[in-house]
Structures are given as structure tokens and as C-alpha cells.
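Engineer: Chain residues, written in single-letter form:
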Amino acid sequence: MDGADLGDSGLKATMATTLEVLGWEIELAAARSIYLDSVIGRMISLLPEERKAEFVESMHTVDLLSQQLTGLSAFAQRMSGEAPDVNAFVHKALDQISLGALADRMSVALGGAEKGLNDGDGAGDLDLF
Amino acid sequence: MLEGRGQKVIVVDNDRTVLELLQIRLEVVGYHAYIVRTGAQALDLLKHMRPAAMILDANLAETDPYDVLRTIRQRHNDQHFPILMTGRGLTVDDVRRALGHGAQNCMVKPFSGSDAVERIGRLIEAAHQPAPRQVEVSRPVAYV
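Taken in sequence, the protein lines are chains P and Z.
Okay, so the first sequence: first residue is 2 according to the working numbering, each after it adds one.
Okay, so the second sequence: first residue is 255 according to the working numbering, each after it adds one.
These are calculated hints, taken from the structure and not from any lab test.
Given the structure is predicted, the values throughout are model-derived calculations rather than measurements.
Note that beta-carbon positions come from the ideal geometry of N, C-alpha and C, so glycine has one too.
Each hint can be trusted.
Derived DEER-like restraints, expressed as beta-carbon distance ranges:
id, chain 1, residue 1, chain 2, residue 2, range
1, Z, Gly284, P, Gln69, 19 to 27 Å
2, Z, Asp347, P, Glu83, 20 to 28 Å
3, P, Glu58, Z, Arg350, 48 to 56 Å
Okay, chain P solo, but in the shape it has when bound (with noise of 0.2 Å):
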């Protein structure tokens, strides 16, 4: 993505940069909830009518999680394009996520090199155990 430096001490993005791709990974979210969503759907409908009212509660705060992680990507894009052209460092802030394809992710969208992981068994929280 444009608007990124491999600087002297580290992985440098522009503010609009950084915000796009925080914006792409919330609405990565938003869609996996979307799909968590239409499981549980698809499993209440399998289920004996005085047992789906257990799981409708749950289905509704999938689908509030969904339109909260929706809202929150809108914004998050929308605030790219009224971030002013500044850079700043951005590694220490990757290091922060456990999750290696996520941070893989978004190393290379905001510039870095690839590491090619992906969200497998072996990608995620690595580091903590």
C-alpha cells in the first residue's frame, strides 16, 4: 500500500495508511461475524422448536457484533481520507498483536515484508505459549 517507509529504526506508514488498513481488518471482522451469524442460523434451524429460543438471544449479539464491527470500518475508512499526511512508526504497534497472520497482514499492507502466514493452527499465539 502506498504511503509507507522502511525507515532507520523501523516499519514508518502514513496516518490515512495506517487507518485504511486498520478499517480492511475490522471489516475482515465484521464479515467473519456475518459468517458466525448465518452458522448459528443455520444450526437453530436444525434444533427442536423449545430450544431455538436459547440460542436466538445469541444470534442477536452476533448481529450486533456484526453492525458494531460494520459501523466501526465505515469509520475507520472514512477517517483515512481526513487523516492529515503524516508518518508515523508502526512496528512497535504490530508487535502488539499475538496473532501472527494478522500481524503478517498488516505488516504488508502498511509496507513490510511478507511472511506468508496464514490463519492456520499455526498462525495464531504463537508467543504465549
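Following the hints, complete the assembly by docking chain Z onto the known chain P.
Structural biologist: Leaving out everything else, chain Z in the frame of chain P:
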């Protein structure tokens, strides 16, 4: 939201986040999404399948997207399918160029996944509608 009926949609984008979110969004509403990261992979895929539509990013790392559009129209002129071109900072000239090379519609990044899927649904629907009847206009008609 227009729903897919198992129709195939190819998504070409260098960004893994965009690819995955579009794949999920498309599949939740009933499309089969095929995701690739380069124009060459998209052209390879087209040798084996006929999609209902394609979403093509204008900022591919290794390929000129207009070359991809041109090749598609040369090779698959008999298999018309709509192409939605996406891209950061698309200008009016970019849009004109994309439409001139065979894209049906353009969408500026960043966009919402639901808007992109809605747009692709409308393009597929329009592609399957019968062409409007030609109206005879060579002869003057007077309405009283």
C-alpha cells in the same frame, strides 16, 4: 441484498484481507468465490471455468490490470461476464480507461464488503436480463 445461486465469482486482489472478506461476504449470500492474488492466476483460472462475474483490483503488484482486461476480452469475447474494477484513488480517467477495456463498473477503495457484493449482484442480474428491444427510430412518428 441480492442473493447468489451458486454462481462463480472470481476475486483478484493483492491484499489478503480484502480477498478473505470478499470471499466470506460472497459465500454467505450464496456465491462460490474463487480468490487469486495475481492477474496471471486469474487468467489461468479462466481457462478452466466460466464465472458469472469478476472483481479485479486496479493496483495489482505484478500485473497491469488493463492487460488482464484486454486479454479477457480477447480470449473470452464469446463468454461475456461483468467485471467490477476496484482500486485506491481511481480517477475519472482510470474509470474511463477501465470501461474502455471491458470493465462494467468501478468502485473506489476503501469500500464496504456489503456494498461490493450488492454491486456485483446487480451486475450479474443485469447481465442475465434480455437486451431491451430496439425501437424503430428511422421513420418519423407523430403522436396526436
